[in-house]
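The lines below spell out each chain.
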Amino acid sequence: MNQGIKERISAMVDGELSEFEVRRVLEEIEANPEFRDYWMKLQIAKSGLKDKSLGYLDRDISKRVAKELGEHVEEPKKAISINKTYLSMAAAASAGLAIVFSFGVFNTVDTSLSPEELFASKASKQIADAISSPQAIQVLDKALTGMNVTLQDLNAGKKGQVYANYRFPSNGKTFRVSLSPASAALPELRNTQAPKLAYLETKNGVYIISVSGDISSEQKSQILRNANFSFNKLN
Amino acid sequence: MNAEVKKSNKDKDLILVRRAKRGDYKAFDLLVLKYQSRIIGLAMKFVKDIQTAEDVAQESFIKAYKSLDSFREESAFYTWLYRIASNTSKNYLISKKRKNELLESEVFSSEEIDIFDIPGGSSPEEILQANNLREVIFESLSNLPEDIRTAVSLREFEGMSYEEISKVLDCPIGTVRSRIFRGREIIQEKIFPLLNSNIELTKGSKRI
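Going down the list, the protein sequences come from chains D and Y. The first sequence maps to residues 1 to 235 in the working numbering. The second sequence maps to residues 1 to 208 in the working numbering.
Isolated chain D, as found in the complex:
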């Protein structure tokens, strides 16, 4: 995307454009719907910085509103591509996971590996260290049994969370399975009125399991069933 236009969109978010510039940007957005997406993502990032309503970030009613008003908003012709650096990291992390599962070794980094493989190994170790429990990784693997999906990447959160992003090769849709140590998740969850939680008990503690993304409720249920989840409110 054109950096100059993106910079103007950024300034428009802050109300710092003249009317003339706004008109130009609106024309650009109309011509290229990816700029509309950029505007929306800037709003999400701003909300995150200001702690506003991130719980509903995935809710997009804009097209419904437009339709009711007899208007139409253009969608990008293709999904925005993930940058190459990220893809490289994702591929490396996936490779790292394969290494981990193949050899069952979490603490070994082979210095004879290529830089990419070395990164993969380090990524795997970081993930393993983060959750401190091979069982949790196995849960991720087991949860996807029979679903014909491809692991895109794994990430570890600061508080021991594990995020695994998957993709259906058949239709390109993506989703995420997250494992969060209860110690990290509960302070927030206690404040909710959610009557049920999906969690997994391991020798190393309790993990809250969640599945999100472009995936049907049936598939979500299947993943949670595979992971041997239980439905109970944690105290």
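Calculated directly from the structure, the hints in this document are not laboratory data. Honestly, I wouldn't trust all of these hints.
What the hints assert, rightly or not - Label-pair distances were calculated between CB atoms; the ranges are:
no.: 1; chain 1: Y; residue 1: G23; chain 2: D; residue 2: P33; range: 19 to 25 Å
no.: 2; chain 1: D; residue 1: G172; chain 2: Y; residue 2: K167; range: 45 to 51 Å
no.: 3; chain 1: Y; residue 1: R83; chain 2: D; residue 2: D141; range: 49 to 55 Å
To be verified - Restricting the straight-line Cα-Cα distance to at most 27 Å, the calculated cross-link-like pairs of lysine-lysine (DSSO-like) are:
no.: 4; chain 1: Y; residue 1: K63; chain 2: D; residue 2: K63
no.: 5; chain 1: Y; residue 1: K66; chain 2: Y; residue 2: K12
no.: 6; chain 1: D; residue 1: K63; chain 2: D; residue 2: K46
no.: 7; chain 1: D; residue 1: K50; chain 2: Y; residue 2: K45
To be verified - Which chain D residues face chain Y? A few, computed with CB under 7 Å, are given here:
no.: 8; residue: I5
no.: 9; residue: E7
no.: 10; residue: A11
no.: 11; residue: E19
no.: 12; residue: F20
no.: 13; residue: E30
no.: 14; residue: N32
no.: 15; residue: M40
no.: 16; residue: G48
no.: 17; residue: L49
no.: 18; residue: S62
no.: 19; residue: R64
no.: 20; residue: L69
no.: 21; residue: E71
no.: 22; residue: V73
As the structure is a computational prediction, the values presented were derived from the model and not from experiment. Even for Gly, the Cβ is constructed at its ideal location relative to N, Cα and C.
Here the structure of chain D is known, so what remains is to put chain Y in place on it, guided by the hints.
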């Protein structure tokens, strides 16, 4: 935040609103994208059901668009939109109550509504995603180069205009604009995988 700064922020939607008033739906669409999550969050405070909250939010935006001419620009656009959404939510509850389908809500009597927290009706998945995203955003912010981080922080946390930031940092407004943009680009790059995997923003598909 001083009064001058508040004033500078008050009208930042005004150009878009005025264009929408003149029938430019693209401008109104950007306002919907900007405020939809907050309006849905507000509606959730009342109706406690996400599908209903989306319906109420949708109705609120439609009402707002149809009555844009009545927006006198005496308050911020969001304040005006907030009132519409609040009234729409209350009307929905009244309607339900009349039909004896819903008991009186404790929210109904509340005058002060905190719309900036994660509403109690959020699912565990939504809360976890929100926390994950927020964590990445703040980590990205803390790792920004000093000059960029300062510009972004003054804008986002102090609510300063670009002109005010330029005075504080003693640099041209164009530099401020560029720094804020670069900071956002870096943050966007970090959160992109999260957004891409969690939601299909562009396709409007429904997540569970």
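*Ascending list of hint numbers which this structure does not respect*: 8, 12, 14
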